[in-house]
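S.K.: Generate coordinates for the entire structure from the input sequences, incorporating the hints supplied.
4 protein chains.
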Amino acid sequence: MSNRLWGTRFSKKTSALTDKFTSSISFDKRLAEYDILGSIAHAKMLGKQKIIPKGDSNLIVKGLRSILSDLKKGKFKFDLKAEDIHSNIQDLLFKKIGKPAFKLHTARSRNDQIALDIKMYLKDEIDNLSELITEMQGAILRLAGRNSKIIIPGYTHLQVAQCVLLAHHLLSYIEGLERDKGRLFDAKKRADVLPLGACAFSGTGLPIDRGFVAVELGFKNVTANSIDSVSDRDFIIEVLADLSILSVRLSRMAEDLILWSTKEFSFIDIDFSFCTGSSIMPHKKNPDILELIRGSVGKIQGDLSSVLILMKGLPSSYNRDLQLDKPPLFDAIDTVKDMLEIFIPLFENIIIEKEAIVAKLNDESLFSVDIVEYLIKKGISYREAHDIIGRMVKDCLDKGKKISDLSAQELKIYSPKLKPDIRKILNAQASVNLKKSYGGTSFNSVSKQIKNWSKRLRDTF
Amino acid sequence: MSNRLWGTRFSKKTSALTDKFTSSISFDKRLAEYDILGSIAHAKMLGKQKIIPKGDSNLIVKGLRSILSDLKKGKFKFDLKAEDIHSNIQDLLFKKIGKPAFKLHTARSRNDQIALDIKMYLKDEIDNLSELITEMQGAILRLAGRNSKIIIPGYTHLQVAQCVLLAHHLLSYIEGLERDKGRLFDAKKRADVLPLGACAFSGTGLPIDRGFVAVELGFKNVTANSIDSVSDRDFIIEVLADLSILSVRLSRMAEDLILWSTKEFSFIDIDFSFCTGSSIMPHKKNPDILELIRGSVGKIQGDLSSVLILMKGLPSSYNRDLQLDKPPLFDAIDTVKDMLEIFIPLFENIIIEKEAIVAKLNDESLFSVDIVEYLIKKGISYREAHDIIGRMVKDCLDKGKKISDLSAQELKIYSPKLKPDIRKILNAQASVNLKKSYGGTSFNSVSKQIKNWSKRLRDTF
Amino acid sequence: MSNRLWGTRFSKKTSALTDKFTSSISFDKRLAEYDILGSIAHAKMLGKQKIIPKGDSNLIVKGLRSILSDLKKGKFKFDLKAEDIHSNIQDLLFKKIGKPAFKLHTARSRNDQIALDIKMYLKDEIDNLSELITEMQGAILRLAGRNSKIIIPGYTHLQVAQCVLLAHHLLSYIEGLERDKGRLFDAKKRADVLPLGACAFSGTGLPIDRGFVAVELGFKNVTANSIDSVSDRDFIIEVLADLSILSVRLSRMAEDLILWSTKEFSFIDIDFSFCTGSSIMPHKKNPDILELIRGSVGKIQGDLSSVLILMKGLPSSYNRDLQLDKPPLFDAIDTVKDMLEIFIPLFENIIIEKEAIVAKLNDESLFSVDIVEYLIKKGISYREAHDIIGRMVKDCLDKGKKISDLSAQELKIYSPKLKPDIRKILNAQASVNLKKSYGGTSFNSVSKQIKNWSKRLRDTF
Amino acid sequence: MSNRLWGTRFSKKTSALTDKFTSSISFDKRLAEYDILGSIAHAKMLGKQKIIPKGDSNLIVKGLRSILSDLKKGKFKFDLKAEDIHSNIQDLLFKKIGKPAFKLHTARSRNDQIALDIKMYLKDEIDNLSELITEMQGAILRLAGRNSKIIIPGYTHLQVAQCVLLAHHLLSYIEGLERDKGRLFDAKKRADVLPLGACAFSGTGLPIDRGFVAVELGFKNVTANSIDSVSDRDFIIEVLADLSILSVRLSRMAEDLILWSTKEFSFIDIDFSFCTGSSIMPHKKNPDILELIRGSVGKIQGDLSSVLILMKGLPSSYNRDLQLDKPPLFDAIDTVKDMLEIFIPLFENIIIEKEAIVAKLNDESLFSVDIVEYLIKKGISYREAHDIIGRMVKDCLDKGKKISDLSAQELKIYSPKLKPDIRKILNAQASVNLKKSYGGTSFNSVSKQIKNWSKRLRDTF
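Which chain is which? The protein sequence lines are L, G, C and A, in order.
The first sequence begins at 7 in the working numbering and counts up one residue at a time.
The second sequence begins at 7 in the working numbering and counts up one residue at a time.
The third sequence begins at 7 in the working numbering and counts up one residue at a time.
The fourth sequence begins at 7 in the working numbering and counts up one residue at a time.
Honestly, the hints are just simulated from the structure, not real lab data.
All clues stand as given, with none of them false.
Same chains, same label: a pair holds when it works inside one copy or across any pair of copies.
Here are the computed lysine-lysine pairs in the DSS-like style, where the Cα-Cα straight-line distance is at most 25 Å:
{"#": "1", "residue 1": "K105", "residue 2": "K384"}
{"#": "2", "residue 1": "K442", "residue 2": "K56"}
{"#": "3", "residue 1": "K407", "residue 2": "K269"}
{"#": "4", "residue 1": "K343", "residue 2": "K332"}
{"#": "5", "residue 1": "K195", "residue 2": "K129"}
{"#": "6", "residue 1": "K408", "residue 2": "K18"}
{"#": "7", "residue 1": "K405", "residue 2": "K269"}
{"#": "8", "residue 1": "K442", "residue 2": "K461"}
{"#": "9", "residue 1": "K461", "residue 2": "K187"}
{"#": "10", "residue 1": "K56", "residue 2": "K384"}
{"#": "11", "residue 1": "K105", "residue 2": "K418"}
{"#": "12", "residue 1": "K269", "residue 2": "K366"}
{"#": "13", "residue 1": "K400", "residue 2": "K19"}
{"#": "14", "residue 1": "K430", "residue 2": "K442"}
{"#": "15", "residue 1": "K35", "residue 2": "K343"}
{"#": "16", "residue 1": "K187", "residue 2": "K226"}
{"#": "17", "residue 1": "K226", "residue 2": "K454"}
{"#": "18", "residue 1": "K360", "residue 2": "K18"}
{"#": "19", "residue 1": "K105", "residue 2": "K423"}
{"#": "20", "residue 1": "K405", "residue 2": "K18"}
{"#": "21", "residue 1": "K442", "residue 2": "K50"}
{"#": "22", "residue 1": "K129", "residue 2": "K187"}
{"#": "23", "residue 1": "K360", "residue 2": "K400"}
{"#": "24", "residue 1": "K360", "residue 2": "K155"}
{"#": "25", "residue 1": "K442", "residue 2": "K425"}
{"#": "26", "residue 1": "K50", "residue 2": "K383"}
This structure is a prediction, so every number in the text was calculated from the model and none was measured.
M.R.: See the structure below:
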């Protein structure tokens with residue numbers, strides 16, 4: 007009997023090139039644990055249902071447990087000549103328990119088995135990712151908490167706009183990351199449906215009990231259509247899309263920090279332990295980690311593209327093309343986990359350059375909206391107020407004057423409602439504190455948000 | 007005063023090229039209705055909060071309602087020289103009510119306004135998409151119902167595999183489409199958070215009531231961070247990803263039907279009303295609609311890519327790049343709606359080529375798994391049974407024999423357990439009916455699924 | 007006779023939905039001119055070869071010329087109910103000349119006709135794009151020429167690195183743009199092969215003369231395989247890839263300029279005529295054009311993706327999916343042309359902020375490589391020199407000292423070879439002028455490059 | 007001294023996470039050979055130019071040659087703790103020759119060094135790819151030659167269209183593959199420009215001779231701008247785009263063959279040695295290789311996307327993001343080479359199912375264009391002929407008649423010009439032989455093309 011799960015009908019051996027080209031063991035070996043656990047549940051069910059003798063079932067389960075234990079101890083022998091991880095484990099089982107091993111693959115096909123393995127893997131990794139995201143939110147929150155009074159110039163279009171609390175800016179990251187967790191949670195919900203039992207694609211004539219297997223493996227549901235069960239790779243694409251959105255977020259955070267750590271902005275200093283140097287310029291201290299995070303969107307989005315294209319126009323049910331869904335999935339999950347893992351301590355070690363920041367707050371254009379709102383409160387329409395202040399700003403820039411230096415007379419030229427008391431709002435503290443609207447950047451609002459998030463993140467654990 | 011919402015500070019007019027290059031009215035005009043509705047709610051709130059006089063608020067609301075009514079009657083004048091739809095509406099309002107129009111844009115920026123418009127648009131379109139998907143499921147279900155006894159050869163790797171019910175195959179589409187609705191539902195949930203009130207990106211010093219606006223516009227929540235409110239385009243990418251997954255599904259369904267309608271497969275006939283001909287070959291009847299559906303994955307995935315790339319590495323808060331998020335979103339939603347709309351009647355009009363299908367069911371290799379399971383039931387291990395049948399199939403092919411013609415003697419050569427009674431299972435009816443496992447293709451299971459879906463889809467409406 | 011090019015064999019009319027869904031006139035109308043020119047050449051050939059009577063050929067040519075003249079005068083009536091531009095023109099021809107119009111589509115199919123139209127369009131647009139690129143290179147070169155003495159701090163990893171000439175930086179754009187032209191030139195070469203005459207996909211039994219048509223239409227070659235002629239869309243993907251590379255370049259140039267025009271960098275000022283303002287912040291002057299250019303990579307790459315996916319896995323010869331190749335092609339070409347057109351005057355109007363730049367050149371870390379090379383010239387190995395200067399820089403930073411203030415004694419601590427004469431190279435002029443290696447940033451090298459490019463670009467016209 | 011090429015200025019060690027996250031040795035180790043060869047040329051130049059002592063130069067060259075020899079013997083020790091392959095080799099050199107090793111990195115940075123390594127690698131791989139493509143063309147040509155008389159039904163829209171020679175169909179693949187080689191050739195031309203000598207990004211003050219290095223390494227040109235030299239990754243994207251186009255072609259060829267090897271089409275039989283079986287269905291023989299080839303477009307296009315996104319919006323000169331360009335490049339080149347390598351023997355071993363094919367040629371609709379052209383030759387306009395035959399085809403289908411069975415009387419109903427002699431062209435031989443237009447499918451044309459390609463491909467070697 008060949009050490010393959012098929013081949014008797016073949017009148018010729020497959021070419022060595024074929025074996026190499028079609029082999030998936032080099033990457034699906036990472037599913038070994040899930041494959042074994044799935045097989046244990048399957049074997050128990052086969053015994054319980056008397057599809058195979060109880061004794062054989064027990065032997066198989068024992069054998070698989072022993073293989074699992076080897077795997078955990080790093081003693082599992084990955085056989086790069088095996089066609090895939092399923093065959094590899096089947097072979098090892100035969101070595102352990104002999105002929106009863108031949109009964110494991112009853113009422114099962116690799117088509118439903120691989121769908122099971124990936125779903126089990128995905129469910130676990132979604133949990134891991136969610137935990138890492140929560141840790142990252144924690145690190146950001148602590149940075150916000152430690153610097154809750156720091157005001158920075160905020161930007162739109164990368165041009166100086168209005169003052170905001172640094173903590174407010176940091177909390178915006180936490181908001182987005184929370185949505186990322188929500189998306190992953192929803193994806194897990196949809197992946198939490200057992201495909202095993204669909205066999206090749208039509209079900210089986212043997213009296214299997216799919217509900218039992220689902221309970222054994224902790225699945226919430228069982229797929230209702232066998233063809234869909236082996237055709238479906240939605241759950242992979244959905245997670246890749248979620249990770250793409252997350253990686254876009256990380257790239258934007260990285261860009262913020264890269265800019266802030268330039269000499270020109272000087273808002274922050276990335277700790278030496280998270281920078282690298284140059285082989286030619288001895289003075290360099292570069293934010294390489296952030297650059298690599300920024301660039302990694304490409305990998306993740308490439309992985310997503312890859313699977314979307316792969317699936318395009320495939321006939322229903324199983325086609326071998328599906329084998330290619332795994333490398334991009336593994337790559338994306340690994341990459342995102344690596345990024346989160348290093349982003350956490352990087353955030354923990356950011357130094358805020360308080361003096362440099364304070365020096366940037368002198369720019370009075372930061373307060374132009376405050377003066378507009380000052381006029382609105384005095385009954386002037388928004389549009390007129392915008393024009394008045396536009397003209398005032400233009401004159402000050404043209405003449406090199408500061409708004410706070412304009413006399414009562416000079417102010418009156420723009421509007422009789424403009425009084426020297428505007429000077430009171432021409433400072434960062436006042437400006438920030440005016441923004442009391444819900445979600446705005448006032449100290450009060452932001453400190454409430456910090457408390458709120460402290461509680462929410464603590465409750466997650 | 008310029009007819010722009012800015013510009014007083016500018017010492018020069020913008021170049022005509024600039025106006026053309028930065029204008030978004032050609033595509034954001036489609037948001038007109040949402041922009042007006044959002045402005046009505048905003049104006050009411052400004053009046054209620056006494057940020058502007060109640061009388062002005064009333065006038066503005068009245069003016070906007072009149073513009074909305076014009077829009078619905080097709081009388082709205084889109085001004086391609088306006089910078090964007092916001093400016094266009096602002097101008098029309100000024101023409102209707104004069105100076106009070108200048109108070110509408112109080113405590114608001116185009117940054118939060120456009121985020122609001124897109125979210126309102128998206129929420130509506132998700133509902134429209136979900137309804138179309140449900141209609142499509144209905145059309146497929148009716149086709150399944152009308153042909154509930156038809157057995158077809160099923161394929162894996164596009165090679166003849168096992169018999170399945172046509173209805174079972176069709177139900178697999180319905181399962182997938184249900185997941186698509188689930189994803190859109192989850193996306194809507196995350197988009198259902200009011201961004202208005204974030205203003206430019208920091209909130210406002212005016213006493214706005216965001217909760218009131220949320221209730222007016224039917225939003226479940228209010229964003230908690232103003233920077234996140236104007237930076238965030240997650241909701242667009244998520245929907246584009248959902249539509250990409252859906253379009254992959256539609257492309258696979260199209261591929262199935264294209265194959266089935268070839269002369270070689272001849273399972274179905276696409277009605278003339280959903281085919282086109284050739285300018286050179288008078289005999290042609292081509293499934294162009296299905297081909298265009300298959301190809302449209304490209305568009306949708308291109309739209310998704312486009313926004314992911316667009317967002318990569320952008321600094322937080324608003325950047326003008328974000329303007330480019332709308333054309334791909336609109337394109338994807340329109341394209342998917344068009345595909346669903348035409349797929350529905352196409353399904354309604356599919357003719358099943360019963361005779362041609364029956365002729366394909368003679369192929370005995372369709373029953374190889376059934377004979378394997380026959381042996382397993384007699385206590386032979388799966389692996390040995392697979393080998394036995396593999397050898398038998400090979401011999402039959404080599405010698406040009408049918409399995410059902412093998413004598414008791416000949417059968418015994420492969421295994422003493424193989425008896426002439428296997429002939430009973432060598433037919434499509436028996437084969438299908440054996441697959442009684444949950445989710446399998448037996449008549450019973452499938453007819454239960456049809457009933458189940460009839461109820462579920464009815465309940466949706 | 008129907009006004010379609012097919013349909014007699016159909017027993018039913020196509021559904022209105024089908025007509026709408028499959029129609030391409032809304033976008034292929036832009037190929038009208040090429041379609042007419044192609045038809046003129048085709049009709050001449052049919053007459054010359056006596057496939058149709060000479061008189062009919064003349065009539066057709068005359069009719070088509072009249073339609074072309076209408077088109078150029080804006081009098082062409084696009085019929086949105088026509089299936090495509092080919093049918094639209096055919097109908098107009100019938101209105102002009104009656105029955106002889108029915109002979110035009112002899113020995114031709116829409117399959118080879120559309121391939122011809124796109125290739126003609128592409129060849130023209132590649133020329134247009136190349137010209138625009140050359141104009142853009144000219145604008146950049148003039149900016150470099152006008153500011154040939156300006157030294158700026160150069161960056162790697164966005165951290166201050168070494169001094170370079172602004173002109174040297176600008177010339178790097180010109181180098182890249184020249185490669186872009188090269189790629190487009192190569193793409194044109196490959197597209198310059200006449201597909202007409204392939205008919206549906208197998209050629210024709212009528213005695214056509216493809217060489218004649220090629221000469222008439224200015225094609226260098228004629229396709230050698232009829233199946234390939236109608237299947238092939240390589241030429242579209244190649245151009246989309248070339249435009250993607252170009253758009254990445256434009257996005258990087260935009261990013262440089264966005265950074266340089268921040269208050270923090272202040273290297274340049276974008277002219278008011280190429281900026282826009284804010285509806286809420288009266289002081290804002292935003293580089294929106296550059297942001298839109300940066301974001302447009304998304305569109306172009308989305309267009310490329312779209313066609314790659316579209317083509318994946320299609321059977322050979324013509325499939326209707328191919329219709330979807332045109333919208334992304336047109337979108338990408340239009341977008342890139344728009345970007346180039348506005349980038350040219352934007353570059354023309356950039357103001358260099360000389361004083362702000364000079365102020366940035368005091369940073370002595372800009373010269374660290376120069377001191378390393380000073381030591382290498384004195385026989386110290388690169389590695390030791392790098393370490394010596396690394397230590398010196400560290401000490402200066404830690405103690406807040408300038409390198410130029412270190413005494414001979416202090417210098418000796420790091421290396422006996424370090425003498426106070428290093429002060430001579432601690433300035434931007436000296437530093438830049440040291441880089442005399444070919445391709446380096448010395449005044450001499452750069453001014454030679456400027457002269458060289460002036461000649462090359464002039465020669466292009 | 008640290009075993010890094012930098013770090014003296016750092017007041018702290020980098021975190022272990024940083025080292026792991028930024029390390030590239032796991033993938034750039036594949037550039038080892040090019041890195042060594044580049045360093046040998048560089049060291050020779052440093053000696054020749056007296057930048058380092060001749061003796062040191064000789065020692066370095068000797069040391070590097072010894073490392074190269076180790077590498078070729080598989081004795082090179084890849085140090086996964088090294089930051090990158092450059093550092094790894096530098097360390098080994100130090101172990102071999104001691105302190106003179108510290109002089110190798112003079113007048114060089116890793117920024118220009120890595121650009122050099124990739125270009126050298128790419129040039130070699132483009133040659134390898136071109137050779138494989140030529141071999142594949144050869145395999146296809148031999149298959150065409152061996153079966154030069156076989157006629158198959160040709161398809162458009164996957165619906166039966168017209169007869170073509172199988173060889174004609176196969177030659178269409180060869181045409182496309184030739185364009186693929188052309189594109190790679192052009193890409194190589196643009197990559198064949200030496201970047202070394204740009205150093206970090208501004209050139210150097212040491213008297214290097216870049217022309218000498220170019221000659222040593224076989225580069226045609228030297229880059230003219232140092233900033234462009236280290237920023238530019240066009241050459242990577244261009245090759246990835248070329249490979250994407252090639253992989254789309256391979257996917258289409260795979261799709262053709264998958265369809266042809268279905269039971270329904272039965273045009274070909276893929277040899278057992280290039281198929282695999284099923285773990286559950288003993289009768290299965292699946293075209294897995296072709297499916298994996300079809301799916302691989304996803305990988306290649308994902309790789310292309312990945313680098314395009316990576317590069318989007320990066321500031322000029324070197325950023326660490328660029329490190330991520332290599333994994334997708336390597337992956338795409340490896341994947342395409344694997345696909346070509348297995349496609350060659352797969353083609354060599356295809357069996358043509360002559361009888362099954364002949365049986366398909368009875369379908370008279372295959373000749374509808376021939377009858378249309380028969381009428382055109384008798385002076386009927388194309389449009390009328392199309393209508394006449396359309397009606398005739400419809401009637402035959404409706405009444406279940408064959409065209410060849412229509413009597414002279416019956417034929418006259420459609421047109422007086424239709425005579426019973428049309429029967430002569432109602433067969434595949436006649437039909438194919440009519441298509442004598444250049445590029446058409448007549449025996450004569452095709453056999454000329456076969457000869458022509460035999461010569462061209464032979465000349466390539």
